[in-house]
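Respectively, the protein sequence lines represent chains V and Y.
Going from the first sequence to the numbering used here is simple: count from 1 and add 387.
Going from the second sequence to the numbering used here is simple: count from 1 and add 387.
It cannot be assumed that every hint is accurate.
Chain copies aren't distinguished; within one or between two, either way the pair holds.
Computed list of lysine to any residue pairs in SDA-like fashion (alpha-carbon distance at most 25 Å, straight line) [claimed, not checked]:
#1 LYS450 - SER416
#2 LYS450 - GLN440
#3 LYS650 - PRO529
#4 LYS650 - CYS531
#5 LYS399 - PRO529
#6 LYS650 - LYS732
#7 LYS399 - LYS528
#8 LYS528 - GLU403
#9 LYS429 - ASN674
#10 LYS406 - THR643
Simulated from the structure, these hints should not be mistaken for laboratory data.
2 protein chains.
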Amino acid sequence: MNELIGQPVISKRVSEIPKSAIHEMTRLSKQIEDVAFLSWAKPTSDTPEHIKQAASSAILEGKVGGYSEPGGLIQLREAVVKKLNKYNKIDASPQEVVVTVGAIEGLAAAIMSVVDPGDEVIIPVPGYSTHIRQVQLASGKPVCVPTIEQEGFKLDLDKIENSITEKTRAIMYSDPNNPTGSVYSLDELTHLAEIAKKHNLIVITDEAYEYFTYDNSPHLSIASLPGMKDRVISVFTFTKTYAMTGWRIGYLHAVTDLVNQIKKAHIPMAICAPVVSQYAALAALNNSQECVDIFRNHYLKTRNLMCERLDKLTDIFSYIRPAGSYLMFPKIRGERGEDSISFAKNLLNQAGVSTTPGIAFQGESHLRMSFCVPEQMINKAFDRMEKYFKI
Amino acid sequence: MNELIGQPVISKRVSEIPKSAIHEMTRLSKQIEDVAFLSWAKPTSDTPEHIKQAASSAILEGKVGGYSEPGGLIQLREAVVKKLNKYNKIDASPQEVVVTVGAIEGLAAAIMSVVDPGDEVIIPVPGYSTHIRQVQLASGKPVCVPTIEQEGFKLDLDKIENSITEKTRAIMYSDPNNPTGSVYSLDELTHLAEIAKKHNLIVITDEAYEYFTYDNSPHLSIASLPGMKDRVISVFTFTKTYAMTGWRIGYLHAVTDLVNQIKKAHIPMAICAPVVSQYAALAALNNSQECVDIFRNHYLKTRNLMCERLDKLTDIFSYIRPAGSYLMFPKIRGERGEDSISFAKNLLNQAGVSTTPGIAFQGESHLRMSFCVPEQMINKAFDRMEKYFKI
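Only chain V is shown next, with the shape it has when bound in the complex (with noise of 0.2 Å):
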């Protein structure tokens, strides 16, 4: 044993957090030849071509050698408060906003200017594992507040209030939703915003798959709600609506008050964000957004395959039809489920079929599955299970 892993000298913060499963089974798929991969949040796309020739430009130009400002280049600024006007109907300016290494960076931000040590954050669940863990790394105590799976995982606004103690700092969720691709409507949102008002709550929102519903459920941004701009720590992202998660390039909104708290948070993480691609996003943002729909048009074909072959696994799973991201959650159906990381690792080693274990996003015996890969994965990895399961 090595001596440095006691109580001395590695944190109890990152001590209490359990290793990624979803990076874990990353690893243990690379192991297995031709695999049917359908476990991570990454478009299979590379991002689009005048995106790519934007940053290569700048690069070449020696814009991007230098810092920006920690909040980001004003120009890429004034795009996003443009797109937060028109798109999230938040009635935004450049000093509220702030450019970040991925959502990722901008949420863990936000956490650490809210959570102080023994703080609670409530996270509806199903919910992002990395959530879970930034308020963990704050030495925040995460209370996973369970959602309404036959209703669509809609959030259990009773249950949520219910959970509110003293303690309690913030609500924060993904919306459309990772893992389970719902999207929160109208109704549930307003009334998350009064109960948050009525607690005198922070609500920290992931909006990373903002521009991926389907069937008319629109996208809905609870800073746009009457009253709550105040209180709303927004972030938003380039890397799923563009292909750029490589880039690791996204944003947040709040107001300049709470803002001058999030940038002493976010300066000591990263400085500022990657200046070749604060370019790239700005490309992004100031040409034509055909890209976007054609992503979304592919996403909802392939959402629709999804679904259509796990119709055909009907004794296997049961499924709620995702309204947005390119994400569903699929249920294990009996014993089978009880424990998602074995079903997960049978299903690889035995299958040639990678996804994600529902365990990781505190939804057991369910099963990630992503669906922003080609058709023809998608029918891989439904012919090996169908296999598998012998229908």
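Fit chain Y to the known structure of chain V by using the hints.
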């Protein structure tokens, strides 16, 4: 007053962090026309051409769109290992390396993995203000221990040992030092290593300026000393070495057990470092290091020039000739040094010279001046100061 700014919603950790004096001076400097800018540790040279070309090619070849492994591209970690073995004499392997968002994110992840709320970290001062903030962000307590200015800002090893309590978890420093430019000797580091071993402490280093030492002052990595590898988290960056501050790309080294814990902080803060910058860094390591020699020679020349010009202002400043980095930390003589913020603001507003007040580095009565600028910038600044101080 905004109701948000009370105790219930802003964390104590961020409210206790003062506004960054470095970024505040940058902001104020932008309001002054034709300012002589000596206040940021940001090289004015652009990133070398071959690095820019390699990054541009990686983009156009479709290599940078998706996430890398959280630890970084394997080929980059392999190149880093070669450099660590050769230059730093650290016996490393790829699984002991995490590629980070500049040194900053690596340092933040290191602190998070070692410090729990209330734990203490010893920081020799004057020291880099961001280290202090990173400890505060972890709800830890920075314990600032003065160095010995008259002996070239040498470590005060007795004071360091006397500052250790039951709560002490780590010692954190930059070497070459930001802001003093001091370079720690083998004797100092050997003694520091003994203290760390005796009291079972982690050492966290910030070796951002490792390639910029002068006058035969070699840079030494404390992780290379006997028995130290197990308890050192060594943090490095490409951004200073290759004039790449905007690319946000660095790395850390620690033994595997420790690295596995640090990754649990790295993932919720960043997921992975920007992939385009990882390809740029790979090109930086795998090509001629002549550009580094050119930067070093330039900084040696500008250091010498800055010292010569300070020699004409001996009524105003005394100084220690920096043996490393591209920063120096002259002391303001007499009463006028008692408030370095007012001194720096007057210098900015009345002489058009931008510097950083020493108090930002826990070194009141000093100014930090950067010499990573063209010679004419130094001459312009000092011409103005001579006129302003009526020399």
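Hint check results:
no.: 1; hint: LYS450 - SER416; result: between (39 Å within a copy, 20 Å between copies)
no.: 2; hint: LYS450 - GLN440; result: both (14 Å within a copy, 14 Å between copies)
no.: 3; hint: LYS650 - PRO529; result: both (23 Å within a copy, 20 Å between copies)
no.: 4; hint: LYS650 - CYS531; result: between (27 Å within a copy, 23 Å between copies)
no.: 5; hint: LYS399 - PRO529; result: both (15 Å within a copy, 18 Å between copies)
no.: 6; hint: LYS650 - LYS732; result: between (41 Å within a copy, 23 Å between copies)
no.: 7; hint: LYS399 - LYS528; result: both (13 Å within a copy, 16 Å between copies)
no.: 8; hint: LYS528 - GLU403; result: both (11 Å within a copy, 21 Å between copies)
no.: 9; hint: LYS429 - ASN674; result: within (23 Å within a copy, 31 Å between copies)
no.: 10; hint: LYS406 - THR643; result: between (36 Å within a copy, 14 Å between copies)
Hint check: no violations occur; every hint is consistent with the structure.
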